[in-house]
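Residue numbers (numbering that gives the first Met the number 0), protein chains in the order written: chain A, 0 to 336; chain B, 0 to 255.
No wet-lab data here; the hints were simulated from the structure. Note that the coordinates shown come from a computational prediction; the quantities given were computed from them, not determined experimentally. A portion of the hints provided could be inaccurate.
As the list claims (entries may be wrong) - Listed next, the in silico BS3-like pairs over lysine-lysine satisfying Cα-Cα at most 30 Å (straight line):
1. B:K92 with A:K112
2. A:K118 with A:K33
3. A:K228 with A:K112
4. B:K251 with B:K17
5. A:K145 with A:K190
6. B:K17 with A:K184
7. B:K17 with A:K118
8. A:K112 with A:K145
9. A:K228 with A:K187
10. B:K251 with A:K17
11. B:K23 with A:K145
12. A:K139 with B:K166
13. A:K145 with A:K184
14. A:K132 with B:K166
15. A:K139 with B:K23
Unchecked claim - Simulated restraints, written as ranges between beta carbons of each label pair:
16. A:D134 with B:V56: 23 to 33 Å
17. B:G28 with A:G312: 52 to 62 Å
18. A:V59 with B:M2: 41 to 51 Å
Ideal placement from N, C-alpha and C gives every residue a C-beta, glycine not left out.
Spelled out from the first residue to the last, the chains are:
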Amino acid sequence: MGVQDNAYAIKVENLTKKFNGNTAVDSISFVVEKGELFGLLGPNGAGKTTTINMLATLLVPTSGSAFVAGYDVLTQRDEVRNSIGVVFQETALDNRLTGRENLEFHSVMYGMKKEERRKRIEEVLALVELSDKADLLVEKYSGGMKRRLEIARGLVHRPDVLFLDEPSLGLDTQTRRHIWDYVRKLNKEEKVTIILTTHYMEEADYLCDRVAIVDHGKIVALDSPKNLKDALGGDVVSLELDGGYSDDFEAELKTREWLKRIDRHDGTLNLKVRNADRHIPEIFTIAESRGVSISCVNIRKPSLEDVFLRYTGRTMRDQEASQTERSREMARRRHKP
Amino acid sequence: MSMINLNGIYIIWLREMKTFIRAKSRVVGMLMMPILLLGFLGSGFGGAMLPGIPEGVGYLQYLVPGMVGLTMIFTSMFAGMSVLWDRQFGFLKEIMVTPVSRVSIVIGRILGGTTTAVIQGIGILVISLFLGFNVSSAPGFIISIAFMALISVAFIGMGLAIASKLKDMQGFGLIMNFLIFPLLFLSGAIFPVNNLPAVVSYIAYLNPLTYGIDGMRASLIGVSSMPIAIDILALFAFCVIMVFAGAYLFEKSESV
Numbered sequence: 000m001g002v003q004d005n006a007y008a009i010k011v012e013n014l015t016k017k018f019n020g021n022t023a024v025d026s027i028s029f030v031v032e033k034g035e036l037f038g039l040l041g042p043n044g045a046g047k048t049t050t051i052n053m054l055a056t057l058l059v060p061t062s063g064s065a066f067v068a069g070y071d072v073l074t075q076r077d078e079v080r081n082s083i084g085v086v087f088q089e090t091a092l093d094n095r096l097t098g099r100e101n102l103e104f105h106s107v108m109y110g111m112k113k114e115e116r117r118k119r120i121e122e123v124l125a126l127v128e129l130s131d132k133a134d135l136l137v138e139k140y141s142g143g144m145k146r147r148l149e150i151a152r153g154l155v156h157r158p159d160v161l162f163l164d165e166p167s168l169g170l171d172t173q174t175r176r177h178i179w180d181y182v183r184k185l186n187k188e189e190k191v192t193i194i195l196t197t198h199y200m201e202e203a204d205y206l207c208d209r210v211a212i213v214d215h216g217k218i219v220a221l222d223s224p225k226n227l228k229d230a231l232g233g234d235v236v237s238l239e240l241d242g243g244y245s246d247d248f249e250a251e252l253k254t255r256e257w258l259k260r261i262d263r264h265d266g267t268l269n270l271k272v273r274n275a276d277r278h279i280p281e282i283f284t285i286a287e288s289r290g291v292s293i294s295c296v297n298i299r300k301p302s303l304e305d306v307f308l309r310y311t312g313r314t315m316r317d318q319e320a321s322q323t324e325r326s327r328e329m330a331r332r333r334h335k336p
Numbered sequence: 000m001s002m003i004n005l006n007g008i009y010i011i012w013l014r015e016m017k018t019f020i021r022a023k024s025r026v027v028g029m030l031m032m033p034i035l036l037l038g039f040l041g042s043g044f045g046g047a048m049l050p051g052i053p054e055g056v057g058y059l060q061y062l063v064p065g066m067v068g069l070t071m072i073f074t075s076m077f078a079g080m081s082v083l084w085d086r087q088f089g090f091l092k093e094i095m096v097t098p099v100s101r102v103s104i105v106i107g108r109i110l111g112g113t114t115t116a117v118i119q120g121i122g123i124l125v126i127s128l129f130l131g132f133n134v135s136s137a138p139g140f141i142i143s144i145a146f147m148a149l150i151s152v153a154f155i156g157m158g159l160a161i162a163s164k165l166k167d168m169q170g171f172g173l174i175m176n177f178l179i180f181p182l183l184f185l186s187g188a189i190f191p192v193n194n195l196p197a198v199v200s201y202i203a204y205l206n207p208l209t210y211g212i213d214g215m216r217a218s219l220i221g222v223s224s225m226p227i228a229i230d231i232l233a234l235f236a237f238c239v240i241m242v243f244a245g246a247y248l249f250e251k252s253e254s255v
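In isolation and in its complexed conformation, chain A is listed as follows (with noise of 0.2 Å):
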């Protein structure tokens, strides 16, 4: 028997989970609030939905604790089950059932009582605006009404805490909007703390009143979206250089107060100017004299990309990359004769 601790919805120490020797999740730590809407950023293959299987009893942790909803997901399984909801990544409706029959399914499950459960059915139907296709068989669905569902069958039992693995994964971008409107309304009206994984960079800033940043199992950065694109210091300002990086120019930049950071990547130079607007003629003219020729500039608020860039030394975009070239290898390599 674990220590009870309702304070949080989640409270996570040192929580690690290896598969035959790879730390997929690296002795994480941190608390959740009740009514939060807490996000889980990170590349595919960071250790999100590694990490959200164990806070759903559905792996078990290699060492360290967990306890959702005041519960040890180690000793109190059954009582963690009955407090959370869990959307997943992939599909997980039966095709062959209707809508409402999928909520049935679910609502018998966790025990609910007849009267309860027709009750509960159309209000979360009708939360998700699915009441009238509430009969169809799943398989006539679309994307997104299938998220949609999946989003109420994670309400129908009243959850004190919600799972949603990557909930707008695969869904066109208008389809994304309404999916991230629905996360927003529940987590006000039903009161429920939602913990979300996500490797779009809007959406944990849009949606999270927390995030936090997941590289290699591991979190490298944690905090609300505001604050972590605050504390880069200033606006972003990349430049394309059109002879390659110069040390010169570099240094003499370094020189200014208004600089905060500097990086090199991948053929850009990416700078952190506070109020970048007033400084842009100033690095052009420095440019200038050090004979560097710049062919493009960029100024923009910092997003949580420039975070991630700033914890990890790489974009989500070339983690990305790098995975979608090593599954495609992999699945070559499987799909030999």
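Got chain A; can you put chain B on it based on the hints?
Okay, now just chain B, sitting in the frame of chain A:
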């Protein structure tokens, strides 16, 4: 949370029923083979005297319990291994994350699979009546249903055990060809096992289907190679072993 959750068992059973009723083409496909075999083997070998078949028993009479057994082993293995479909389509995770115990999930699956298999077995029996099959007695008919249920439970357990060890559906065809067909030929479904070389016929005695089909012959046509009590006991023992093996391996298997 109790080990046995009746609501959970019921809804898992109900899901099997609903999907069974909706999958008409699958049911027709499953019933086609025994019907074709009955039609062709039954009439083709109708006049032949196969050694080992008792005097006065026509080949169709001999074959029908075997074809019911074939229906049982196919539909039951299929039901047991449907856990692979659930894994493929992600629904297994949805089941596993609920607070319903693994034991209840296994019981629900076995009950659902057994119900659909027995319905199909009775279907084959009814069709064979039109082909000229004679049931010796009404109680015999009822007892044969009990045998169908026992065969079904044993092979759903086996299917569940195998499915828990497979990661995807690629091994499914392999199991079909290297397990179900040998079990079928080594069960006396189509011809008496005494006609096989002695070593091989011993293997037949390790095959639960042998006892199931022999028991159905005893109850349906009043002719069998072993006493019906032995058939029941042996089949029941296999049931217990298979269910425990299936439940144990299912419990151990990872759902993600």
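Quiz item: Taking only the CA atoms, is the gap from K118 of chain A to K33 of chain A under or equal to 30 Å?
Solution: holds, 26 Å
Quiz item: Given the hint that K251 of chain B pairs with K17 of chain A, does the C-alpha gap stay at or below 30 Å?
Solution: holds, 18 Å
Exercise. With 41 to 51 Å as the target window, see if V59 of chain A and M2 of chain B comply at their CB atoms.
Key: violated, 20 Å
Quiz item: Straight-line Cα separation of K132 of chain A and K166 of chain B no greater than 30 Å?
Solution: violated, 34 Å
Quiz item: Does K145 of chain A lie within 30 Å of K112 of chain A when you go C-alpha to C-alpha?
Solution: holds, 25 Å
Practice problem: Verify the proposed pairing of K17 of chain B with K184 of chain A, using a straight-line Cα cut of 30 Å. | Solution: Violated, at roughly 34 Å.
Practice problem: Measure nothing beyond the straight line between the CA atoms of K145 of chain A and K184 of chain A; if it is 30 Å or shorter, mark the hint as holding. | Solution: holds, 18 Å
Quiz item: If you draw a straight line from the CA of K23 of chain B to the CA of K145 of chain A, is it 30 Å or shorter?
Solution: Holds, because 24 Å separates the two Cα atoms, which is no more than 30 Å.
Quiz prompt | Restraint check for K145 of chain A with K190 of chain A, where alpha carbons must lie at most 30 Å apart | solution = OK: K145 of chain A and K190 of chain A at ~23 Å, within 30 Å.
Practice problem: Below or equal to 30 Å on CA atoms is what counts here, so check K92 of chain B against K112 of chain A. | Solution: With Cα atoms ~23 Å apart, K92 of chain B and K112 of chain A stay inside 30 Å; holds.
Quiz item: Quick one, are K228 of chain A and K112 of chain A close enough, alpha carbons at most 30 Å?
Solution: Judged against 30 Å, a Cα distance of about 47 Å means the pair is violated.
Practice problem: Could you see if the CB distance from G28 of chain B to G312 of chain A stays within 52 to 62 Å? | Solution: Holds: the Cβ-Cβ distance is about 56 Å, inside 52 to 62 Å.
The structure is inconsistent with the numbered hints 3, 6, 14, 16, 18, although it conforms to all the rest.
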